[in-house]
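Visitor: Same order as they appear, the protein sequences are chains A and B.
Counting from 1, one number per residue, gives the positions in the first sequence under this note's numbering.
Counting from 224, one number per residue, gives the positions in the second sequence under this note's numbering.
Certain hints may be false.
As the list claims (entries may be wrong) - What the simulated footprint calls covered on chain B by chain A, stretch by stretch (three residues with Cβ under 8 angstroms from a Cβ of chain A suffice, anywhere in the stretch; the number is not a length):
1) 238 to 250
2) 264 to 278
3) 293 to 306
To be verified - Derived contacts from chain A toward chain B, CB cut-off under 8 angstroms, selection only:
4) ILE4
5) ILE10
6) VAL25
7) ALA30
8) ILE34
9) CYS44
10) ALA51
11) VAL54
12) GLY62
13) THR196
Hints were generated in silico from the structure; no laboratory data involved.
Glycine included, every Cβ here is placed at the ideal spot set by N, Cα and C.
The residues making up each chain are set out below.
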Amino acid sequence: MNGILIIDLILLALLLITAVATVEVRNLFAAAMISSIYSLLMACFWTSMDAVDVAYTEAAVGAGISTILLIGTLVLTGSRETVRKAVHWPALLTCLAAGAVLIYGTLDMPAFGDPNAPAQQHPLYSGYTQQNIVKSPVGKSHENVEAYNAAQAEAQAHAEHEGEHAEHHDFYHGHVPNQVTSIIVDYRAFDTMFETCVIFTAGLGLIVLLRGRKGNPLRGGLL
Amino acid sequence: MMLAVAAESMLRTDIPTLVGGVALLTGVLLLLVRAIAGPTTYDRILAMNAIGTKAALMIALIGFMTERPDFLDIALVYAILNFLATIAILKFIRHRRLG
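Could you put the whole structure together from the sequences, leaning on the hints where they help?
Guide: Here it is as structure tokens:
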């Protein structure tokens with residue numbers, strides 16, 4: 001039993017309590033506060049899952065901006081929820097079915113920290129995995145390191161074999177000589193496209209909000 | 224053999240930080256009770272602020288548990304963010320608008 005695993009388990013239990021409380025609390029201001037607490041705990045959990053960038057976003061957007069937006073909405077609408085007791089059975093069944101499908105989907109995934117997972121064996125990422133094996137708590141045992149070394153040698157042999165077919169080998173390393181362009185466009189094309197859409201939409205929203213309102217001090221100054 | 228290695232590495236580094244982490248999360252649980260049950264608005268804001276502080280401490284602690292002390296910088300940024308969010312919420316409640 002690893003130390004970080006105990007911390008993770010307690011964090012997940014707290015997250016569960018917080019999520020249920022957010023739904024069940026009738027005072028909407030309290031719900032906004034508790035959802036902000038959920039984001040803070042989630043940021044801790046992302047950090048312990050090694051996803052520091054996601055943790056930053058979670059803290060800034062989840063705990064910062066969206067709490068302020070929720071409270072801004074409550075100022076306009078009032079903070080008591082209309083109580084509706086009846087359970088909506090089709091909605092509950094749909095949620096349960098979707099959850100069951102998601103859990104069924106996770107059964108196919110490799111175990112957490114498994115050195116034989118495809119993500120660790122890809123020739124491009126061998127450098128990253130070597131760092132992680134040494135530093136991550138899962139990879140501290142000798143067995144994991146040995147398994148990793150064996151997998152690494154196999155991947156090396158595979159890469160040399162692929163080298164005989166030049167075009168095929170080239171496909172794995174991207175078509176573009178520039179590494180940044182290769183990652184952003186060749187490997188993450190869809191991701192990049194929709195990120196650009198999000199940024200464009202955010203810019204449009206800002207322009208709509210900041211211009212054309214009477215008495216706005218920013219009018220004519222900024223835009 | 225793997226178990227022995229794990230136990231030994233845990234005894235060497237993890238026990239004090241683990242105890243600290245469990246204590247922190249117990250504090251988070253108590254604050255969570257106050258945030259859910261708290262009769263006034265200010266109880267809840269205070270609980271959120273304190274949980275934010277505990278989250279920053281928790282991230283620093285996770286950094287030491289996974290042997291990456293550079294997580295301290297992230298904890299500092301969290302402390303600043305938490306402060307800003309609390310100020311913004313309080314301003315909103317007092318003046319009914321930002322600014």
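Visitor: All hints are to be evaluated individually against the structure, with a verdict given for each.
Guide: Hint check:
1. 238 to 250: Coverage by chain A holds for the segment 238 to 250 of chain B (6 residues, Cβ < 8 angstroms).
2. 264 to 278: holds (count 8)
3. 293 to 306: holds (count 6)
4. ILE4: holds (5 angstroms)
5. ILE10: Check passed: Cβ of ILE10/A comes within 5 angstroms of chain B, closer than 8 angstroms.
6. VAL25: holds (6 angstroms)
7. ALA30: Since the shortest Cβ distance to chain B is 6 angstroms, the answer is holds.
8. ILE34: Since the shortest Cβ distance to chain B is 6 angstroms, the answer is holds.
9. CYS44: holds (5 angstroms)
10. ALA51: violated (12 angstroms)
11. VAL54: Since chain B brings no Cβ nearer than about 12 angstroms to VAL54/A, farther than 8 angstroms, the hint is violated.
12. GLY62: violated (10 angstroms)
13. THR196: At about 26 angstroms, which exceeds the 8 angstroms cut-off, the nearest Cβ of chain B leaves the hint on THR196/A violated.
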